[in-house]
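*Asks:* Given next are the chains, with one letter for each unit.
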Amino acid sequence: MTGGPQIHSIIRKLYPLCRSITGNGVRESLSIIKELIPVNIHEIPTGTKAFDWSVPREWNIRDAFIKDPRGQKVVDFKKSNLHVLGYSVPFSATVALDQLKEHLFTIPEQPEWVPYRTSYYNENWGFCLPHRQFEALEDGPYEVLIDSSLEDGHLTFGEFLVRGALEDEVLISTHICHPSMCNDNLSGVATAAYLAKHLAGRNDLRYSYRFLFIPGTIGSIAWLSLNEEKLPRVKYGLVLAGVGDQGSFTYKKSRRGDAEIDRVVINCLGHLDKNFRAMDFEPTGYDERQYCCPGFDLPVGCLMRSVHGSYPEYHTSADDLDFVTASSLEETFYLLLEITHAIEKNRKYVSQNPKCEPQLGRRGLYRKTGGEKMGKNDELAMLWLLNLSDGRHSLLDISERSGQKMDSVIRAAEALSGQNLITPQN
Amino acid sequence: MTGGPQIHSIIRKLYPLCRSITGNGVRESLSIIKELIPVNIHEIPTGTKAFDWSVPREWNIRDAFIKDPRGQKVVDFKKSNLHVLGYSVPFSATVALDQLKEHLFTIPEQPEWVPYRTSYYNENWGFCLPHRQFEALEDGPYEVLIDSSLEDGHLTFGEFLVRGALEDEVLISTHICHPSMCNDNLSGVATAAYLAKHLAGRNDLRYSYRFLFIPGTIGSIAWLSLNEEKLPRVKYGLVLAGVGDQGSFTYKKSRRGDAEIDRVVINCLGHLDKNFRAMDFEPTGYDERQYCCPGFDLPVGCLMRSVHGSYPEYHTSADDLDFVTASSLEETFYLLLEITHAIEKNRKYVSQNPKCEPQLGRRGLYRKTGGEKMGKNDELAMLWLLNLSDGRHSLLDISERSGQKMDSVIRAAEALSGQNLITPQN
Amino acid sequence: MTGGPQIHSIIRKLYPLCRSITGNGVRESLSIIKELIPVNIHEIPTGTKAFDWSVPREWNIRDAFIKDPRGQKVVDFKKSNLHVLGYSVPFSATVALDQLKEHLFTIPEQPEWVPYRTSYYNENWGFCLPHRQFEALEDGPYEVLIDSSLEDGHLTFGEFLVRGALEDEVLISTHICHPSMCNDNLSGVATAAYLAKHLAGRNDLRYSYRFLFIPGTIGSIAWLSLNEEKLPRVKYGLVLAGVGDQGSFTYKKSRRGDAEIDRVVINCLGHLDKNFRAMDFEPTGYDERQYCCPGFDLPVGCLMRSVHGSYPEYHTSADDLDFVTASSLEETFYLLLEITHAIEKNRKYVSQNPKCEPQLGRRGLYRKTGGEKMGKNDELAMLWLLNLSDGRHSLLDISERSGQKMDSVIRAAEALSGQNLITPQN
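Chains as they are written, first to last, in the numbering used here: chain A, 1 to 426; chain B, 427 to 852; chain C, 853 to 1278.
It should be emphasised that the hints constitute simulated quantities derived from the structure, not laboratory data. No residue lacks a Cβ here, since even glycine has one placed at the ideal position from N, Cα and C. Any given hint could turn out to be false.
Calculated from the model, a selection of chain B residues having no Cβ within reach of chain C, i.e. all distances over 12 Å [stated by the list, open to error]:
1. T428
2. D578
3. S651
4. G721
5. L822
Lysine to aspartate or glutamate pairs mimicking DMTMM-like chemistry, simulated, CA-CA at most 20 Å apart [unchecked claim]:
6. A:K73 with A:D98
7. A:K67 with A:E102
8. B:K781 with C:E1134
9. C:K1207 with A:D297
10. B:K781 with C:E1080
11. B:K774 with B:D804
12. C:K1220 with A:E123
Just need the whole structure built from these sequences, with the hints factored in.
*Replies:* Set out below in structure tokens:
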């Protein structure tokens, strides 16, 4: 089975690439994912309309640096792609320090770290650097080069569909537009890819699973505008982002707040992580903003560990290969398996003995000696199932009501339906 | 009026009898109850079908013992009927210690106490004894006798109906199948019998009250299968079990969770016992499991003090005559009177002065000098009644909303309806 | 703009007058209010029926005193009108101390203060005095004079309507029947008068605002009986009472509990006063008792600071000019402005871009550099508005859901509707 070290190793491969919302960094990242799953790569031309937006020009960058008055490269894109303001326009000049400083971005509170900054929709150029270095810059002329291109081209994204028995879909969406940062969001990209690989290897799925590897915001908007007719099929959805750090899990509910995906994830997390946090939907964050717009209002939540913006490493060079751990990634992966197990197996059963309890003992489903305390958990799960299988309660309802884990309730349902004590509805 | 010592004294009479789910112990117990109320005794033949179950063979026992290698009786049914595994089949043999031990039951954590164990639906024989004694058993041949019979016969239960003005019923059910243990459940049997005696002595009841003295599980299942046509009349119900110990009260709600019985009991307990606990329904416990099956879903809760399984004396010889107290039993009895008072008097009234408050002062219902703080409680209860008697709020609703005790609200309703300020609905 | 010192100064003018539920003290008080707003003065004849009540005889008083055995005035109405039991009948006699004491009212727990007591509907005479003084009274004959009149006349109240574009009304009601006490209720009278003055000076109001300056209980009952046909217009209402002391705010909800006025006030208070308390409706207190009777059930809450009866100065001579402060009164006044702002501006908008977020950046409504944390609050309020403007959520709903202040949500709505991104519904 898949383990954390495997997931971490694909992150290591993806880490050095300079991704953005368009450009070759995304294409190279998708080709690495293709080693795991046969992901389809879509290219949307610049200028394509997508609701209120249009696909921007494609950005690529080859080199960028700042040379100090002594001719030394003090900031060098080749050392870290975070050094360049994302979507910087081509620029080459010698500028005074004052003028240069208007294009420099730092984090005074974290003087050793390089921040991550972009300027997608406002033409600009700039560099990001440690505040400590910024403060040490001496007066004098600086040679600046940004060897980038911003031209008509394409927006690239990856899509992969695992077909199940139903057309109903589970949507897993993850943003692939961030350059060298691991938690945000190579963690999401890598766990999604491994989940896709796992599900593609099974042949017993009820639901179809659609995976999107897309640039944030414009990517989900473009996909939604191209796939409106598919949206009614989406019964569950998760945005995966920031799932590799060592913090407790956070689940941000869909806009609906009580969608089944919300209940499934909260149920599974409740038994896994006693410190997990469920937060209500809010219109900031990741692509759930678009999936949960009022016009679509899809049942899509967002699974994170530490919440974007709440940890100092967020959107900095400190979100590196050490910030995400194999064990955190593995735990996230197995949580996703539990979530899909719950989605696959959740349904309503109807008791065939609604009048009083059936006699479990003579069917070998109950302890033999009376007078002792209630014993094993599945026995308890069976009693709950028999009591609540009135056609109104799903296994998820029963798990929530009883506090029994979904997998115990699922096992009990299989034992009882094996004896025809309950039967699945429809 | 009835007092705790009376209730405790009937428990003393019932204590020595060897009850089980069938047999003469139940008959003898019911004949003791008959000294208080003219309870009807029903006999259901072995083999009678009751939904998924059938009435088992009748079990009776005359003697049982274990003699050690020296010929001394080390375990003797005549000293405590708990020593025999309930429903032990007849057995007489000399056996080696190893073989004997497979049929011995103890509680290692409570080495001085005899546990209560049964094997109703799995033919077996066995003895229960203190763990300390078990450990001291020496090697050698043991003479074992169980002089029991397990033969076609009957299941016996008691039923008593106090007729009120309405056919609508309040069901009080209590299990009578446990041998020498007091809290579980002679406490329930005795308080139910005294409540029945009290209600039978009144002639002002609106509701009819049905009391069942039945063996656990199979007894309620048998009664339900014989009385399906009566079930729609059951508007309120309580299972009484473990109501004599010194713990705080526990009320386990009906499966519906918001039935009027649930609200009445929680309301009364809220004013009586600040440490009481209301727990949601769960499909373990006593006969509420059967009354609250999905096919009937009756409004039946369960009143307890300490919860079954949560106290060390539970299902052991330590649940004896000292474990239940006269004062606890008396408090339970008066709580039951308050509950029936609330059930009897709860109804909706309609204000005859819905537009602004009526002038209570000129009717002598209000304090004379203004400017002081609100005074007596019934004055406050009257204001609540006038404000909420809009045809949508029952006295129970008003008690819950206002925090005023049900008996204060009932008194206020009588004062106001005496002045025609409110009138009962229908 | 209006400031606390102005509000406090009108309280100083009103303070010395001897008000009651009828009589010249009310008329003189209304003529002082007339200096601010052209309030209409209504006179209802004694004996006029008002639902279960009738307008009482009019009470006026010129003088009252108690002379001790040495002929010295020990209690003198001219020093404080609180010294006379409100509605004392005319009385003149020399009485023994024992007889006198049956007509004296004190507060033993507050021996220096004079209590406020009345006897509106039970003919009596009496004096209120400090308990310390009461205890020092010597034996001997006392000369007592109460030079009052209790005769057919009128009940007087003030009414002032500020017309807005709609016939729908906001009712502001405040009791004007208490003699020399400041928090209860010159604070309510004065802030209501200044709010009325402010609203009368505007010409952009959607709602009409009706102000009532009325005697407690009988005043609101009389007004309701005379204006039943107007009641359906009342969409929001507030009783103002005890809003000048230094305690935290208390809002007592309407009987409905979830009326829009309840939500607006609680929303505004939540951002203003972290110690504010929202309490459920109860049928004690001020005129909300009548507005919230079951026959009318108007959406009228009650705004207070410290709750009546909960502070020692309540209904005593210690509720004086020092007990209310200019800054508390000013804060109350500005809270009322915020409440009316929220009422005026609350409505539903519909997004014109329901499918995905619109691109705020190219409209100058969003920060230019990406990667930073979410910035200014109005940006966040805009995102919430866009997400929830689906025709089902009002600005108030959005403020509650998002935790953004109403005025921020209102500003954001104006910015977005200025760009046609959302449009008002209807």
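*Asks:* Does each hint fit the structure? Answer for all of them.
*Replies:* Cross-check of the supplied hints:
no. : hint                : in the structure
1   : T428                : holds (38 Å)
2   : D578                : holds (63 Å)
3   : S651                : holds (46 Å)
4   : G721                : holds (37 Å)
5   : L822                : holds (17 Å)
6   : A:K73 with A:D98    : holds (18 Å)
7   : A:K67 with A:E102   : holds (16 Å)
8   : B:K781 with C:E1134 : holds (16 Å)
9   : C:K1207 with A:D297 : holds (9 Å)
10  : B:K781 with C:E1080 : holds (10 Å)
11  : B:K774 with B:D804  : holds (18 Å)
12  : C:K1220 with A:E123 : holds (10 Å)
Figure legend: structure checked against the earlier numbered hints; every hint is met.
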